[in-house]
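Given only the sequences and the hints, what does the whole structure look like? Please build it.
Which chain is which? The protein sequence lines are A and B, in order.
For the first sequence, my numbering begins at 1 and goes up steadily by one.
For the second sequence, my numbering begins at 292 and goes up steadily by one.
Pair ranges (Cβ atoms, derived): (1) A/Val66 <-> B/Ala575: 23 to 31 Å; (2) A/Lys166 <-> B/Arg601: 47 to 55 Å; (3) A/Ser53 <-> B/Ile572: 17 to 25 Å.
Now the stretches of chain A that chain B is said to cover, found in silico as 3 or more residues with beta-carbon under 8 Å: (4) 97-103; (5) 109-119; (6) 223-234; (7) 261-274.
Think of the hints as simulated: they come from the structure by calculation, not from any bench.
Even for Gly, the Cβ is constructed at its ideal location relative to N, Cα and C.
So the chains spell out like this:
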Amino acid sequence: MLEQLFQFLVTGITVGSLYALVGLGFALIYNASDVVNFAQGEFVMLGAMTAISLVAAGFPLPLAAVVAILITIGVGLALERFAIEPSLGASVVTTIIITIGAAIVLRGVALLIWGKDFHALPAFSGDTPIHLGGATLLPQSLWVMGAAVLLVGLVRAFLNRTLLGKALLACSFNRAAAQLVGINVRVMLRLAYGLSAGLGAIAGILIAPITFSSYEAGIMLGLKGFCAAIIGGFGNPMGAVAGGLLLGVLEALGAGLISSGYKDAIVFVFVLMVLFFEPTGLFGHKSADRV
Amino acid sequence: MRLAGLVVFAVGAALLPVLFPDNYFVLVVGVSVGLYVILAVGLNLLMGYAGQISLGHAAFFGMGAYASAILTTRFAWPSLLAMLAGLALAGLVAWVLARPILRLRGHYLAMATLGFGIVVHVLMVQSVAWTGGPDGMGSIPPLNLLGWSVDTDLRWYGVVAVAMLLAIWLSLNIVDSRIGRALRAVRGSEFAAQTLGVDTTRAKTQVFVVSALFAAFAGSLFAHQQAFVSPDSFSLMVSVELVTMVVLGGMASTFGAAFGAITLTVLHESLVVFEDYEMLIHGALLMLVMIFLPQGLFVGLSQGARRAWRAIRFKGISE
Numbered sequence: 001m002l003e004q005l006f007q008f009l010v011t012g013i014t015v016g017s018l019y020a021l022v023g024l025g026f027a028l029i030y031n032a033s034d035v036v037n038f039a040q041g042e043f044v045m046l047g048a049m050t051a052i053s054l055v056a057a058g059f060p061l062p063l064a065a066v067v068a069i070l071i072t073i074g075v076g077l078a079l080e081r082f083a084i085e086p087s088l089g090a091s092v093v094t095t096i097i098i099t100i101g102a103a104i105v106l107r108g109v110a111l112l113i114w115g116k117d118f119h120a121l122p123a124f125s126g127d128t129p130i131h132l133g134g135a136t137l138l139p140q141s142l143w144v145m146g147a148a149v150l151l152v153g154l155v156r157a158f159l160n161r162t163l164l165g166k167a168l169l170a171c172s173f174n175r176a177a178a179q180l181v182g183i184n185v186r187v188m189l190r191l192a193y194g195l196s197a198g199l200g201a202i203a204g205i206l207i208a209p210i211t212f213s214s215y216e217a218g219i220m221l222g223l224k225g226f227c228a229a230i231i232g233g234f235g236n237p238m239g240a241v242a243g244g245l246l247l248g249v250l251e252a253l254g255a256g257l258i259s260s261g262y263k264d265a266i267v268f269v270f271v272l273m274v275l276f277f278e279p280t281g282l283f284g285h286k287s288a289d290r291v
Numbered sequence: 292m293r294l295a296g297l298v299v300f301a302v303g304a305a306l307l308p309v310l311f312p313d314n315y316f317v318l319v320v321g322v323s324v325g326l327y328v329i330l331a332v333g334l335n336l337l338m339g340y341a342g343q344i345s346l347g348h349a350a351f352f353g354m355g356a357y358a359s360a361i362l363t364t365r366f367a368w369p370s371l372l373a374m375l376a377g378l379a380l381a382g383l384v385a386w387v388l389a390r391p392i393l394r395l396r397g398h399y400l401a402m403a404t405l406g407f408g409i410v411v412h413v414l415m416v417q418s419v420a421w422t423g424g425p426d427g428m429g430s431i432p433p434l435n436l437l438g439w440s441v442d443t444d445l446r447w448y449g450v451v452a453v454a455m456l457l458a459i460w461l462s463l464n465i466v467d468s469r470i471g472r473a474l475r476a477v478r479g480s481e482f483a484a485q486t487l488g489v490d491t492t493r494a495k496t497q498v499f500v501v502s503a504l505f506a507a508f509a510g511s512l513f514a515h516q517q518a519f520v521s522p523d524s525f526s527l528m529v530s531v532e533l534v535t536m537v538v539l540g541g542m543a544s545t546f547g548a549a550f551g552a553i554t555l556t557v558l559h560e561s562l563v564v565f566e567d568y569e570m571l572i573h574g575a576l577l578m579l580v581m582i583f584l585p586q587g588l589f590v591g592l593s594q595g596a597r598r599a600w601r602a603i604r605f606k607g608i609s610e
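Written out as structure tokens, the structure reads:
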């Protein structure tokens, strides 16, 4: 029983690392632009699918990964430039619908390019499972967890230690004030979209060897990332990371102990409970709504 | 203006089968258009007038459909009674959910309604013993209106057309009632509405329940008309499509929502040939309308037309 729990925990943390990266992307964009980007999951899918195609075309894996990340960043920047910028200051409902539209467009393009088939990437370092205290662990899981720790650390250092990162944070606190002290808000917006698209693409490439990818793969990943961001208290990047890990573990426990068919329902019921009773998130700071 | 619009709809619905007798497109697509008009008009009350987004409306649509499907096939209930049970179920769920869910705003509300929709969808897929699971359930008997069985395409067209007109008429009346004015105040500023003595929680709860009832009503008709239901018809994408209809036509306009439902359903049926491109076109439409005509096609175009008309008139006077 204990071994089984340990196994669920390992699986949960692997998936949770992914949700954490996607949630971090949500938080970054929300901070910079007050927009919830429903196309975040599609960045994950695009990264994975592009890398898979490039590897299939004979590119070595590292090069394929870099090119896939760059292409996804390009898509993120285009989204910002052509959809978000023209509608800055629009109502929340409007921006939600615009990003949902963007997600559907990206999914539609992916359907045309890759069809409905599932694709997978070869594992980075073999498929031989590692036995660890009764639980088995795929080497790829270590890649996912390691990369997530590294990326979260880098983003954290970037936000807290570099001038550019601090400028990005300043935008999230008060955009008008940030503009007054000479921060170019548009550049910050692009930075946030590029960064989140890049994070999404990396997450997609990391997980592609474990879960197969298809044009639809981004929907649930994006929504779970959104859940992670909400649990973490929106606009709190590290809260989103914690929220992602929590969700991953919860999902693995739910799938293992109750039923795998209900795992999505368990996650969303949990998120609903958080929204009903602690709407500012489990790790967020309280803030009142202004009229 | 209001009555004129309703008359245009009624005459249009009545003329179509006369002009194109036995036309598959008119009869079958017409029924589907009518059902989506009911759904969109109901959702518009919540989104357009009260300003509350719902990304989980397909759940209420599904509750109506599955209540009718399960009660008429497994328990041999009369179809009207089953429909009432579906309405009661959806209304009750909406009423219970309204308070905690409508306290949330903006993105939180979007997430909560979306989560609710997904939970209901998972239940439909997983409760195999009741719903038949992902394969759905068939052989639902035709709707029986006090002895008159709705079992031909033409009869269905008539029933749905009447139901659609009823929904539009109800919506127009709600909008102009005391509740409707309270809702518009809530959309403008919930806080200001409160200071003016509007019980905003009550107003929001009422409109949420009403819009759930519209959806469940359409769902019940849908189940009988299709004689088959499966969870696919009530997925997240359907909720998004309903939002698209409301937004496409123009929020806060009953005829706008109806226009959006008609446009998108007809587009959907015409694009069947280009199946692979449908998603792309759907998404691009959503983005373009929201970026360039955020008030919606119907409202945007009719405002433009009014402005042009005024310009022509004033020109005539000054000459």
